[in-house]
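Chains as they are written, first to last, in our numbering: chain P, 1 to 89; chain R, 1 to 367.
Some clues are possibly wrong.
Sample of chain P residues at the chain R side, in silico, Cβ under 7 Å [unchecked claim]:
no.	residue
1	Met1
2	Cys55
3	Val56
Listing some non-contacts, in silico: residues in chain R with all C-beta distances to chain P over 12 Å [unchecked claim]:
no.	residue
4	Val10
5	Lys191
6	Pro242
7	Val262
8	Trp267
Output of the computed footprint for chain R on chain P, the stretches with three or more beta carbons under 8 Å from beta carbons of chain R [unchecked claim]:
no.	stretch
9	11-23
10	26-35
Note that these hints are calculated values from the structure, not bench results. Just so it is clear, CB atoms sit at the ideal spot from N, CA and C, and this is done for glycine as well.
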Amino acid sequence: MANPTVTAALNKQAYAPGETMILTVDHADTDRAAMTLSITVTDSSGNTGVATANCVIDQGTVAVVSSPARTWTLQAGATAGRSVFHATA
Amino acid sequence: MSTLTVTVTVTDSAGGVGTATASCTIGDSFVLGQTEPTASNTGLAVENLNLSDLTVINGDLNITPAYMSANGNTLDRVLVEGHVVFTGTAPFTITNSVIRGRPFTGSPPRSAIVYARSTSTPASAVLNLTNCEVYPVQPNVGIVCASGERLGTLTRCNIHHGSDLANYWNRDARVFGCYGHSFTFWANDPKHTNDGSHPGWSHNDLIQNSGSTNSQIRGNAFHCYAAIGVGDVAVLQANGFPDRDWGTSVMLTPSDSTITAVIEENWVYGGQAPICLPLQSGGSFNTGNSWQVTDNRFGDLPHPYGTNSRQLIRWGNTMGPAASSCSGNVFLDIPTLPAALRGQPLPAAILQGSGSSGQLMVRVLQT
Numbered sequence: 001m002a003n004p005t006v007t008a009a010l011n012k013q014a015y016a017p018g019e020t021m022i023l024t025v026d027h028a029d030t031d032r033a034a035m036t037l038s039i040t041v042t043d044s045s046g047n048t049g050v051a052t053a054n055c056v057i058d059q060g061t062v063a064v065v066s067s068p069a070r071t072w073t074l075q076a077g078a079t080a081g082r083s084v085f086h087a088t089a
Numbered sequence: 001m002s003t004l005t006v007t008v009t010v011t012d013s014a015g016g017v018g019t020a021t022a023s024c025t026i027g028d029s030f031v032l033g034q035t036e037p038t039a040s041n042t043g044l045a046v047e048n049l050n051l052s053d054l055t056v057i058n059g060d061l062n063i064t065p066a067y068m069s070a071n072g073n074t075l076d077r078v079l080v081e082g083h084v085v086f087t088g089t090a091p092f093t094i095t096n097s098v099i100r101g102r103p104f105t106g107s108p109p110r111s112a113i114v115y116a117r118s119t120s121t122p123a124s125a126v127l128n129l130t131n132c133e134v135y136p137v138q139p140n141v142g143i144v145c146a147s148g149e150r151l152g153t154l155t156r157c158n159i160h161h162g163s164d165l166a167n168y169w170n171r172d173a174r175v176f177g178c179y180g181h182s183f184t185f186w187a188n189d190p191k192h193t194n195d196g197s198h199p200g201w202s203h204n205d206l207i208q209n210s211g212s213t214n215s216q217i218r219g220n221a222f223h224c225y226a227a228i229g230v231g232d233v234a235v236l237q238a239n240g241f242p243d244r245d246w247g248t249s250v251m252l253t254p255s256d257s258t259i260t261a262v263i264e265e266n267w268v269y270g271g272q273a274p275i276c277l278p279l280q281s282g283g284s285f286n287t288g289n290s291w292q293v294t295d296n297r298f299g300d301l302p303h304p305y306g307t308n309s310r311q312l313i314r315w316g317n318t319m320g321p322a323a324s325s326c327s328g329n330v331f332l333d334i335p336t337l338p339a340a341l342r343g344q345p346l347p348a349a350i351l352q353g354s355g356s357s358g359q360l361m362v363r364v365l366q367t
């Protein structure tokens, strides 16, 4: 099993106190895969019903800490490979 | 300006871990002499730190030559729950820290929270404080915030609740961009039982200097009011000082040697005779002192002498500087000042009295 690869980038190199910092975290994993299950049920008359289900194999969990400490909040819209956080400088 | 480092950890379902870091700087727009110091831009606030960002040192911190050999000459982000005692033989700097003494019974453990009362050599071996907050958790008439022959430069510090805030003994005072406020008043100060006007009342000075060749006190905010709810402030308020405007912001007392000082671009509020190089009869003070008191901003008027003599800058006539040593000082344009004074330059100094008993003073007559 491979370890995740991670990059992290702040939107600026310098902030004023009180300014909002945006942190973009991109991560990948060679073991990660999106899986779609397709299920077909056929009755004795040949009628079929179909359903699908989606999942991600080996999805990573992202944790952020900083020094000095700040409260990093996950923004809406995170994907399997990108999470965006914000905090106050 | 400070550096913030972010560490990101991604953990997969099998416990595999990947990490990354990112860094940035966080600065502020403080301009010495132009930005008024407050609680929001001094002490820990300079780098937006909290007490939880500090390493706690329980008890006194003794900075000796041996300590410095083992630990270097700087210390950052500590909370000293005790006194700092400096006896080093090289300069030492504490940054982004809080120093607040410790509770005690009986007499105070030290006369200062930051105690640099040393005559070790060389004289350049001083203790500097930058972005620090200094105050006693247990105020006492016998405790000042910082004191010593080896007290160095105070930069953007928040200093309060001492009976004085910073005492420089026979060395240059170097105070830049600090916020000095809320001294503690005491009605039974054993050092002043013989005071002719108020026997036993503490003589409170935010900055005091007893001799110097190049003191620089620049860009600070001095709020010369006794702290509320501490010491004997109720006595002060009940006996002619309801607004707690007692004491002196900058007191230069050339008892150890002459004074040479530049006091500029400060914000000065309250007190009584806030900037003072006092007349001392009997010759116990040195003559030949020199100062410049320039481009300071005065806020709320000091407590009057008599009914209306608000003496903003005052010094002994025969002890040194000429009247022209004070220039460019102004009143702030704030609503707590009488309308006629707001934004106006301070008047020129006048001579009150004559000869060795005369005093030069910059004053306004305002009831």
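Now for the hints, and whether the structure bears them out:
1. Because the smallest distance between the Cβ of methionine 1 (chain P) and any Cβ of chain R comes to about 5 Å, under 7 Å, the interface hint for this residue holds.
2. The closest approach between the C-beta of cysteine 55 (chain P) and any C-beta of chain R is roughly 11 Å, which is over the 7 Å cut-off, so the hint fails.
3. Below 7 Å, beta-carbon pairs count as interface contacts, and valine 56 (chain P) has none with chain R, the closest being about 9 Å; its hint is therefore violated.
4. With a least beta-carbon separation of about 4 Å from chain P, valine 10 (chain R) fails to lie farther than 12 Å from that chain, contradicting its non-interface assignment.
5. Every C-beta of chain P lies more than 12 Å from that of lysine 191 (chain R), the closest at about 42 Å, which supports listing it as non-interface.
6. The non-interface label for proline 242 (chain R) is consistent with chain P: the shortest C-beta to C-beta separation is roughly 37 Å, beyond 12 Å.
7. Every beta carbon of chain P lies more than 12 Å from that of valine 262 (chain R), the smallest distance being close to 30 Å; the non-interface claim holds.
8. Every C-beta of chain P lies more than 12 Å from that of tryptophan 267 (chain R), the closest at about 21 Å, which supports listing it as non-interface.
9. Given a C-beta distance limit of less than 8 Å, the hint that chain R covers the stretch 11-23 of chain P holds, as 8 residues qualify and 3 suffice.
10. Restraint check on the stretch 26-35 of chain P versus chain R: 4 residues with Cβ-Cβ distances below 8 Å, three needed, restraint holds.
Violated hints, listed in ascending order, are 2, 3 and 4; each of the other numbered hints is respected by the structure.
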